[in-house]
Amino acid sequence: MVGRDSTTRYKWKYSRDESSGVVRECFADNIIESIAAHSDGREVVEGVDASGGNPNRMTINLRPGGRNGSRIEIFVNGRRSESIDGGSIFLCSELVRQVTLGAPTLQDPNVARMVVGEYQHFFTYREGLGGGEGGDERGKHFRANVLTAVYADAQQDADLFNDVLGDPVICYSHNIIGKRV
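Using full-length UniProt numbering, read the sequence shown as starting at 1 and increasing by one per residue.
Hints are supplied without guarantee of correctness; some may be wrong.
[Stated by the list, open to error] In silico DSSO-like pairs for lysine-lysine, Cα to Cα no more than 27 Å straight-line:
#: 1; residue 1: K179; residue 2: K11
#: 2; residue 1: K179; residue 2: K13
#: 3; residue 1: K140; residue 2: K179
#: 4; residue 1: K11; residue 2: K140
#: 5; residue 1: K140; residue 2: K13
Hints listed in this document are in silico derivations from the structure and should not be mistaken for laboratory results.
Start from the sequences and build out the full structure, keeping to the hints where you can.
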């Protein structure tokens with residue numbers, strides 16, 4: 001739903017490699033949680049495969065009978081990250097190509113449906129909630145903003161692509177408040 005103004009709650013997991021201290025997002029689990037939460041609790045994901053040895057590729061298998069396709073392929077084509085302000089602010093971005101595959105349509109019954117999308121997420125994470133809200137102990141809370149820029153794809157709409165060239169056609173912004181549990 002475009003322009004949805006609500007609070008959506010779900011678990012967002014990270015894990016720390018004890019030997020190196022590196023913290024990584026549990027991306028496959030988080031995708032399942034996020035899609036279910038943004039689908040009003042419907043479990044539309046059958047499974048996620050991110051184990052192919054390529055951290056830039058993921059397959060999301062959707063439950064049969066859905067109207068949006070049967071499978072989503074995610075390709076991360078670029079990543080950047082940096083820490084600023086003494087480590088209390090973390091910036092990162094991911095450039096993503098998403099291919100949604102589905103059954104043939106009535107309009108084209110001999111060809112599987114394929115929808116291609118290009119977008120980029122820009123994340124800004126800040127430690128704490130600010131203003132001392134909610135017992136703001138160091139490391140217990142964070143705030144984040146995610147700006148998503150959606151780009152036209154030449155294979156989907158050549159005229160639109162030529163009109164906008166490299167500019168985004170839609171931008172979304174989400175605010176996130178996280179709490180360690």
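We went through each hint and held it up to the structure:
no.	hint	verdict
1	K179 / K11	holds (10 Å)
2	K179 / K13	holds (11 Å)
3	K140 / K179	holds (6 Å)
4	K11 / K140	holds (15 Å)
5	K140 / K13	holds (14 Å)
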